[in-house]
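Number of protein chains: 2
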Amino acid sequence: MKLRILGCYSATPRVNTNPTAQVLEINNHLFLIDCGEGTQVQLRKHKVKFNRIKHIFISHLHGDHFFGLVGFISTLTLLTRETDLHIYAPKGLKEIITLQMKLTGSWTNYKLFFHELNAKTSEIIFEDDTVEVHTIPLDHRIYTNGFLFKEKEGERKLDLSKVEEANINVAYYRKLKQGHDVVNEDDVLIDHTKVTLPANPPKSYAYCSDTAYSESIIPIIKEVNVLYHESTFLEKNKNLTITTKHSTAKQAATIALKANVGTLILGHYSTRYESLNDFKKEAKTIFDKVELAKDGKLFEF
Amino acid sequence: MKLRILGCYSATPRVNTNPTAQVLEINNHLFLIDCGEGTQVQLRKHKVKFNRIKHIFISHLHGDHFFGLVGFISTLTLLTRETDLHIYAPKGLKEIITLQMKLTGSWTNYKLFFHELNAKTSEIIFEDDTVEVHTIPLDHRIYTNGFLFKEKEGERKLDLSKVEEANINVAYYRKLKQGHDVVNEDDVLIDHTKVTLPANPPKSYAYCSDTAYSESIIPIIKEVNVLYHESTFLEKNKNLTITTKHSTAKQAATIALKANVGTLILGHYSTRYESLNDFKKEAKTIFDKVELAKDGKLFEF
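Residue numbers (the working numbering), protein chains in the order written: chain X, 101 to 401; chain H, 101 to 401.
Think of the hints as simulated: they come from the structure by calculation, not from any bench.
A pair holds if it fits inside one copy or across any two, identical chains being indistinguishable in the list.
Taking lysine to any residue and the SDA-like style, the derived pairs with C-alpha atoms no more than 25 angstroms apart in a straight line are:
# : residue 1 : residue 2
1 : Lys154    : Val115
2 : Lys202    : His215
3 : Lys394    : Thr117
4 : Lys336    : Thr117
Start from the sequences and build out the full structure, keeping to the hints where you can.
Okay, here's the thing in structure tokens:
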């Protein structure tokens, strides 16, 4: 599981800071999460292959999370993309994009599917053999979802020396890996747990931005390997979280602690602060495994 | 008259090239012309004061000329702008912007005026004491205007030694500068041309992008000081100008020659070419005073 931060600052794009966007690579999928202005340039800069992106998840309709989307969609058309593109976003985005395609006279030459979200409780919005994606309803000024990306339980692994010793026909190996007991060449039933090892534990990533402190997300993100939780402010500006419905670094860490996550990544920083290290310091008073998102940074888990 | 090129490449933004945008400073006005994705970052990079921009001119509704506008408008709101902003653009842009303001819940706290264009002949769209702006109907795949920025004739300048010698009351100096003859302290009528010098010749700038080769613009841009004319292609790819309705460098130079302009600036380059110098070389076979637009370049005239 790899996470590339393309932009992790709030509000407006600047010369050296980008609004929110990130790419999650999980089980061979490349998911684009949010798409602030300039995202397509950040994707180029970090050599992400546009064509590998087939699913885009937009948390909410504030500009710093989606103003780069119409340009990205339009660029894909110019690059003669043929692959389908799926967009999961709050209701309204389809109207914004299609109005612009109509007025610019630039319909896509690939299929564009909008999956408009308006549920207020967590739901599965994408699922295949290896991964599922759930929404995480967040508490922000407008309708907002975080996203939980979960690998599915994989196959068990053969314990090679033991499986050979057990004299099992190779044709049954797949069944063993899938957790079935099988009969060996001597007509003996072999317990699959004796000749296989457990599957790698499935990994999970929860993206929560933008949101006020909200304990209601804890059951959904419980024990994820990695939590990206916004920390727009430091505690000294906690009063600003009330009207803006953002969080402090300490609040993000409190959620990480209560949800017992593996690693907390902080991001969506207000540009009012001089040093990002203050965010880390503040979060570390509550929760130990804290990482700072930085534009361009690659996390591997 | 100063012209800052913010972006001068066609199609999609890239790591080192920006889509179209430029800032024209003329008679204390700061006009933003087109606003591709990333324009606000380019403005910051070149330290253009956002608040000095009161008028934005959008040539047409292709993404590389306006996808940066909604973000710029939204950033101005976050920066608590109070100054009015006027946008001159083809019909449709108002709908695009207001739909996004509605769905993002972010109305501007300053007054935003849309001047939607749909005339097929040249018209004056802005005028004050010192400057006027005319549209230049262009020939592109969708409705497109170039813009002609013209200084108005200024006041004549006093020829100080002569005006003192002529024994004229200081109260009449303004009338002299405005081109009126006045009576001096000895009751003699003084010819204003004897005691004043001609005003500085008014400057003019014509922006023509995007467009196919079109001689119909020549009467409008005749003898401008500076013409920015798109040159998306070189002659070796002239066939591409037919369906795309763009121009070659040679065609741009031909227009410059026939309109007898002072200087031709080339821009809106396709990114297929390795060197911009080929554009200059090609144009120079037809017209001598050719300059190449480059992202970030400042022209002073």
